Structures are given as structure tokens and as C-alpha cells.
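If you read the protein sequences in the order shown, they are chains A and B. Here the first sequence stands for residues 1 to 370, numbered as in the UniProt record's numbering. Here the second sequence stands for residues 1 to 370, numbered as in the UniProt record's numbering.
Rather than coming from a laboratory, the hints here were simulated on the basis of the structure. Source: prediction; values computed, not measured. Think of the CB as a built atom: it goes at the ideal place given N, C-alpha and C, for glycine as much as any other residue. Careful: at least some of the hints might be erroneous.
[To be verified] Partial list, derived from the structure: chain A residues whose beta carbon lies under 8 Å from chain B: (1) 61; (2) 173; (3) 242; (4) 310; (5) 325; (6) 338; (7) 341; (8) 343; (9) 347; (10) 357; (11) 370.
[Stated by the list, open to error] Every beta carbon over 12 Å from chain B, so not counted as near; a handful from chain A, in silico: (12) 35; (13) 112; (14) 116; (15) 224; (16) 225; (17) 256; (18) 314; (19) 332; (20) 334; (21) 352; (22) 355; (23) 356; (24) 360.
What follows is the residue order along each chain.
Protein chains: 2
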Amino acid sequence: MSLPAPTDPSALEGFWAVIPAGGAGTRLWPLSRRTSPKFLRDLTGSGRSLLQETHERLAPLAEDRFLVVTGRPHRDAVAEQLAGLGDDAILAEPSARDSMAAIGLAAALLERRDPDAVMGSFAADHVIADPEAFRACVRTAVEVAREGWLVTLGIEPTFASSAFGYIHLGEELPGHPGVATVQEFVEKPSTDVAAAYLATGRYRWNAGMFVVRPTVLLDLLGTWHPEFAAALRSIAAEPDRLDELWPDLPKIALDHAVAEPAADAGRVVTVPSTFGWDDIGDFDSLATLLDALRDEGGSVTVLGDDALVRAVDSTGLVVPRSERVVAVVGLEDVVVVDTPDALLVTTRARAQEVKAVVAGLTESGRTDLT
Amino acid sequence: MSLPAPTDPSALEGFWAVIPAGGAGTRLWPLSRRTSPKFLRDLTGSGRSLLQETHERLAPLAEDRFLVVTGRPHRDAVAEQLAGLGDDAILAEPSARDSMAAIGLAAALLERRDPDAVMGSFAADHVIADPEAFRACVRTAVEVAREGWLVTLGIEPTFASSAFGYIHLGEELPGHPGVATVQEFVEKPSTDVAAAYLATGRYRWNAGMFVVRPTVLLDLLGTWHPEFAAALRSIAAEPDRLDELWPDLPKIALDHAVAEPAADAGRVVTVPSTFGWDDIGDFDSLATLLDALRDEGGSVTVLGDDALVRAVDSTGLVVPRSERVVAVVGLEDVVVVDTPDALLVTTRARAQEVKAVVAGLTESGRTDLT
């Protein structure tokens with residue numbers, strides 16, 4: 001694959017970074033909450049939130065060309081965390097209407113703002129271990145997108161995950177060594193099917209990251225959902241009509257609305273990518289991620305102040321987020337998340353089931369904790 | 001065994017309840033601390049501390065004849081918890097000098113206060129499931145003690161514990177059916193040896209509970225440690241000399257100073273007792289005790305406000321002592337003790353090792369938490 005030198009420091013002219021910042025965050029409770037979703041939290045111990053890290057990762061390419069799409073309840077928190085951005089860099093959705101509406105509105109605004117724009121959409125709550133490798137992939141993707149393709153980043157799978165959708169690679173794109181057409185997007189498979197995918201070497205994880213010209217995206221949407229595309233362009237033309245038009249927009253994921261039919265129509269390509277990616281789906285994957293970032297393992301991993309954790313003969317993840325000392329004695333693969341108003345104790349293997357706790361709290365009226 | 005009817009409501013004339021209230025409490029950290037040892041805590045969910053329960057258990061026999069021996073740092077807390085007692089019912093040791101000094105001083109004071117006194121000594125931090133059965137045993141013990149014996153309560157062992165010393169029963173005491181002479185006291189045995197003891201049916205746990213006339217106790221002490229007995233009697237005669245004489249008293253357990261040699265001399269008898277006893281040596285035994293008291297098991301046992309605990313497919317003990325919600329997901333025999341400034345997560349099997357945490361905290365200067 002002929003990629004630009006990974007240390008290329010130049011920005012990409014006309015490149016706009018779109019950052020959808022949403023998500024309920026119940027799988028990382030009590031660290032993330034409805035009112036404080038994971039993109040607002042520091043989940044890697046870097047001292048910066050995932051949103052801030054996403055911004056930092058893209059700033060060398062986008063400079064100040066950012067558009068963060070978030071819910072109204074999070075608008076102020078986003079503005080505070082990304083204080084350098086102008087007010088019109090944050091787009092507050094009146095209500096959550098899934099990714100097509102959110103990203104489509106960004107596309108419609110950019111289409112008017114900069115006819116030569118190429119946009120890249122990257123969720124605010126993903127972690128990337130190697131930002132330079134990531135930027136090199138984005139450079140390639142932008143180059144290809146300028147030619148009118150919908151370009152996805154295809155993450156090299158590191159195990160047979162049943163938690164992600166997959167991208168099935170087709171032929172190499174002529175003139176772009178290493179870049180492949182997308183044969184199809186496939187939904188989350190079983191672990192067995194995923195293992196079979198990996199064995200072929202022709203599948204990549206779909207992390208929902210893509211690069212495209214805004215006009216191409218909206219025209220593709222217009223092919224299958226003409227009224228949807230028209231409504232988005234109307235809002236962009238008359239922003240005052242946002243509250244009026246927004247509630248009627250279809251609630252549909254961008255993958256279903258555009259990416260899948262566009263792949264069938266031969267309009268999607270992918271840049272196979274290896275830069276260490278994680279969407280931190282639960283505390284188990286957070287523990288794996290932190291161990292990989294820190295090259296640790298064998299003892300308790302601490303996300304927070306090490307001095308607060310006293311571990312005796314234990315492994316797993318401890319997140320001390322109150323000021324209290326947390327002592328863990330004789331537990332394997334334990335997960336302890338200590339916050340000022342709620343404590344979670346579970347195991348890495350059972351970490352997904354924290355959703356049941358959040359559901360139970362909601363049901364019993366303790367929404368102050370969810 | 002011919003015991004008085006267990007519902008006998010009458011007090012025992014001349015019977016004084018002596019309550020040694022000491023102990024470091026590191027094995028129940030972070031629930032108990034140096035500054036707040038376990039006898040000051042509610043460990044059964046009764047709403048009363050172990051000290052208060054000990055007092056309540058003995059009041060029907062002793063009425064207001066109590067003498068609590070405790071360290072000076074705990075004097076005020078004891079007075080507050082036992083507000084009904086007069087000021088001279090609390091004896092504050094200038095420093096910890098083990099049980100012979102503490103209980104011996106109580107004996108010396110009582111010897112002067114009431115020549116016909118019979119004292120019973122019962123630690124402030126034990127739990128007894130059946131207080132009426134306990135009082136029935138004490139009644140028998142007092143009756144026998146009036147005849148000049150040192151009378152211990154011999155707890156029926158419920159398993160082959162290596163954590164307790166044992167009382168080896170000898171012949172039945174003539175005139176007192178069921179009461180036995182003590183052949184010897186034996187130190188904490190191995191589990192195998194303990195199992196062999198149990199198989200004979202002639203061994204009882206030594207819970208350190210005994211009943212004796214103060215003069216008998218001091219005279220026995222005087223047989224082997226004449227200066228010690230004399231010093232205690234000097235303090236009782238001139239209480240102003242407490243601070244002067246106390247530091248020179250030997251640091252020795254009453255078992256070693258008196259009970260063991262007195263048994264060899266044929267002066268000790270025991271009342272075999274079955275009333276559900278526990279000294280709550282660690283969180284494992286606390287969990288066992290609570291399950292027995294509540295007839296529970298199969299799920300998480302909560303010591304505190306049930307509404308704060310959200311358990312999914314878990315067993316063990318949760319102690320919510322901050323106001324926070326504690327969620328436990330998918331853990332077997334877990335122990336979670338949540339206090340405002342420190343959190344412990346361990347398993348019932350490893351509960352003893354909390355001592356290592358306390359030692360580590362002390363070593364690193366966090367004595368505010370120990």
C-alpha cells in the first residue's frame with residue numbers, strides 16, 4: 001500500500017472533520033451516564049476526554065474546520081471541552097434522530113459553506129492507539145473521496161468479534177494501490193462466522209468512519225430517500241426551520257440509509273487500516289485497551305490515581321473516581337468502578353450485564369444515577 | 001443437664017458483668033478502624049453496636065452492675081453508647097496491657113466494692129444468637145462460681161476451627177450435673193487436630209467467657225504472679241495511683257496468667273454451652289453469621305440498607321455504609337464493604353488477607369484510613 005509518509009505534517013485543504021457525539025453510555029455505567037456520556041469522559045487516563053482526543057487527533061488535518069453534532073443537553077459541555085472552536089462549529093440536534101439525520105445535516109451545511117469540501121465523519125467516543133497511522137489513512141481516504149467515492153476506513157480485525165459489522169472487500173480500486181471496492185457491508189456475525197471472515201483476509205471491521213464529499217453523500221441519500229435529502233438541504237438553506245423540519249426526519253442509521261445501498265451500487269471503497277481501534281463497548285474492552293496502551297497486564301489496571309488503589313493478588317480493572325481508597329484482595333479479572341454516588345463491582349466476563357443494573361435503577365426511579 | 005428454665009426473668013444478686021472492650025479491628029477493615037473498633041459498630045444490622053448488644057444481653061442478670069474496661073481513646077464513645085450507665089461503670093485503661101491487667105483491675109475494684117460479688121467477664125465484640133440460652137448458662141456458672149470455682153463457658157464447636165483455643169473437659173463436677181472440670185486449655189490446633197477433638201465430644205471452644213468471685217480470681221493470680229495481684233489491689237485501694245502503677249503491670253493474657261495454671265491445679269470448671277456464638281473474626285465469618293441469623297443464603301447478604309444494593313446473579317456479603325448505590329454483577333462469594341473513605345472488594349475465602357491492606361496503608365502513611 002503506498003501511503004503518504006506517516007509524519008506528513010500538512011493539513012488537508014478543504015477537509016472538514018465531522019464528529020458525531022452521541023450515545024447513551026449505559027454499558028460503561030457508572031462511569032458514563034445519560035447526562036455524562038462516554039465521549040465527555042477521560043477513559044484512557046490521558047487527562048483528556050474521548051471527544052478532546054478525537055479533536056486532537058484530527059486537528060493536524062482539519063485545522064479549525066470542525067463540525068461536532070451533539071444533543072442539545074450536551075451542547076454546553078462540548079463547547080467547554082473544545083473551547084477553541086467557534087460557536088458555529090457545534091451543531092445541536094433538537095432530538096436524537098439517529099446517524100443519518102445528524103451526519104446528513106452536517107453534510108448539507110458543509111455543502112453550502114464550502115463547495116470543494118471533503119468531510120470525514122469520526123465518532124467522538126472511539127479510541128485510536130496510533131494517531132499518525134490514522135491520519136495517514138485519512139489522507140488516502142480524502143484523496144480518493146475527492147474523486148467522488150464514498151470512502152470507509154476498514155479496520156483490520158484483531159479477533160473474531162461478534163460485536164461489530166464487517167466490510168467485505170472487493171477488487172482493488174484502479175489507480176489507488178491498497179484501496180479496495182466494498183463488495184458489501186455485513187451485519188454483526190456470530191463468532192464462528194466472524195472467524196471464517198478473518199480466515200479469508202478479505203473482511204474488515206466497520207467502525208462507521210468514512211470520508212466523502214458532502215454533495216456526494218447527499219446525492220446518494222437522494223437516490224434512495226429523496227425527501228430526506230431535500231429536507232436536510234432545506235434546513236441548511238434556512239437554519240431557522242431546524243426545529244420545524246427536524247422531528248419529521250426518518251430515524252435511520254447512515255449505514256442503512258446510504259452506505260449499504262451505495263455499496264450494492266458500486267459506489268463505496270475502503271481504505272484498509274491498521275491503527276489500533278476500539279469503541280470501548282464495555283469495561284472488558286476498556287481493560288483490554290488500557291493494557292494494550294500501557295503494555296501492562298498481570299496485575300490490576302488502574303484508570304485514575306494509582307495511589308488510591310491497593311491490590312493484593314488481583315487482576316482486572318479498577319477505576320477510582322471518588323477520592324476513596326479502593327482495596328482489592330484475591331480477585332481475578334475483577335472490575336471495580338468507584339464513583340461518588342455509585343459503585344460497580346463485576347468481572348470482565350460479565351461486564352456487559354451492567355445494562356441490567358441501569359435498567360433496574362431506571363425502573364425503580366433512581367434515574368438520578370443513570 | 002439441669003439448667004434453670006431459660007425464661008427465668010430474675011436478676012442475679014451480686015452478679016457483676018465485666019465487659020472488656022478492646023481489639024484492633026484490622027480484620028474487619030474498612031468497617032472497623034483503630035479509632036472505631038468493631039465493638040462500637042453495628043455488625044448484625046440490629047441497629048445497635050456489639051457493645052450495646054452485649055450490655056442488653058447481660059442487663060436482665062446484672063441490672064445496673066456493669067464494669068466496662070476500655071482504652072482511653074474509646075471512653076467517650078462507650079459512655080455515649082451506654083448512656084444509662086453511671087460514670088464509675090466505665091474503666092479507662094491508660095494504655096493497652098492485655099486482658100489480665102484489664103480484667104484483673106475490674107476484679108480488684110469489685111472485690112472492694114462488694115465482698116459477695118461474683119463477676120462474669122464477656123468480651124464486648126462477640127455475637128450470641130440465643131441470649132436466653134446464654135443467660136441460662138451464666139446462671140449456672142454464677143451458682144458454681146459462688147462455691148469458689150473459676151467457671152468458664154465452653155462453647156459447643158460447630159466445625160473443626162483452627163481459629164479458636166479449646167477446653168478439654170474432664171469429669172463431671174459433683175453436685176452440678178452437666179458441669180465439668182477442665183482438664184486443660186489447649187492452644188489453637190490445626191484443623192486436623194481440631195477434627196479429632198470434635199470426634200471425642202470432650203472439647204469445647206474457649207471464647208474467653210468466665211465467671212468467678214473477684215477474690216478467687218485475684219488469689220489465683222497471686223499464686224503465680226503475686227506482685228501483679230498486689231499491684232492491682234493497690235490501684236483499687238488508691239485509684240489515684242492508676243497512672244503510676246499501670247505501666248509496670250505485665251502484658252499477659254488472662255488465659256496464660258491464671259486460667260491455664262488454675263486448670264492444672266484443678267480449680268477450673270466449665271459449663272458446656274450451646275447458644276450460637278461468634279467472635280466475627282473476618283468478613284467470611286460475618287457472612288456466615290448473618291446468613292444464620294436471617295436464615296438466608298443463595299443471594300447477596302446485605303448488612304445495611306437493602307435498597308442501596310443492586311445484585312445481579314451474585315452471592316456473598318455487601319456492606320453499604322456510604323450513601324452510594326452498590327451494584328454487584330456476576331460474582332460468587334464476593335465481599336464488598338463500602339464506607340465513605342475506603343472501599344474493600346474481596347472474596348469470603350480471602351477475607352483474612354485484608355490485614356495486608358491495613359498493613360500497607362499504615363506503612364505508606366495512610367493511618368487516617370486504618
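Problem set entry | Broken hints, by number | Of the numbered hints, 1, 2, 3, 11, 18, 19, 20, 21, 22, 23 and 24 do not hold.
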